[in-house]
Amino acid sequence: MVEIFKTNVCSPRNAEWLTDLIHRRFEKYRANFDLEDCDRILRVISPTGAIDAHAVIALMAEQGYQAAVLPDEQPAAFPRCAIAAAIRARTVARQTV
45 MVEIFKTNVC SPRNAEWLTD LIHRRFEKYR ANFDLEDCDR ILRVISPTGA
95 IDAHAVIALM AEQGYQAAVL PDEQPAAFPR CAIAAAIRAR TVARQTV
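For the sequence shown, my numbering gives the first residue as 45, with consecutive numbering after it.
Derived by calculation from the structure, the hints in this document are not laboratory data.
Keep in mind that a hint or two might mislead.
[Said to hold, decoys possible] Okay, derived cross-link-like pairs now, DMTMM-like style, lysine to aspartate or glutamate, Cα gap no bigger than 20 Å in a straight line:
1. Lys50 / Asp64
2. Lys50 / Asp81
3. Lys50 / Asp116
4. Lys50 / Asp83
5. Lys50 / Asp96
6. Lys72 / Glu60
Model, not experiment: these values are computed from the prediction.
Hey, can you work out the whole structure from these sequences and the hints?
In structure tokens, the structure reads:
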């Protein structure tokens with residue numbers, strides 16, 4: 045199972061610290077951040093089943109960070125940031141014609 049969270053984590057150092065904290069608190073979870081994504085996402089993977097999203101969000105909040113589950117709206121191969129960039133590019137192209 046994989047759960048994706050939108051976060052307000054900006055620093056790679058803080059992301060590494062939070063990842064270590066998640067791994068200690070939830071021993072079976074594997075976590076990583078993608079801070080280059082527009083949502084600064086946190087991916088949490090559990091090979092044994094469902095992820096307790098509320099517990100992950102609470103842990104982030106205890107450390108002063110926000111996290112929210114991202115809904116499964118877009119295919120993983122075409123992230124929302126790419127969609128937004130494509131729409132902006134098309135809008136700009138139309139305005140210059």
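Against the structure, the hints:
Distance hint between Lys50 and Asp64 is fulfilled; the C-alpha atoms sit about 18 Å from each other, no more than 20 Å. Taking the CA atoms of Lys50 and Asp81, the gap is near 9 Å; set against the 20 Å cutoff, the hint holds. A threshold of 20 Å between alpha carbons decides the hint, and for Lys50 with Asp116 the separation of about 12 Å falls inside it, so the pair holds. Of the pairs offered as hints, the one joining Lys50 and Asp83 holds, with about 5 Å between alpha carbons and a cut-off of 20 Å not exceeded.
In summary, the hint linking Lys50 to Asp96 is supported, as the alpha carbons are separated by about 15 Å, within the 20 Å threshold. The straight-line distance between the Cα atoms of Lys72 and Glu60 is roughly 17 Å, inside the 20 Å bound, and the hint therefore holds.
Every hint from the earlier list agrees with this structure, and none is contradicted.
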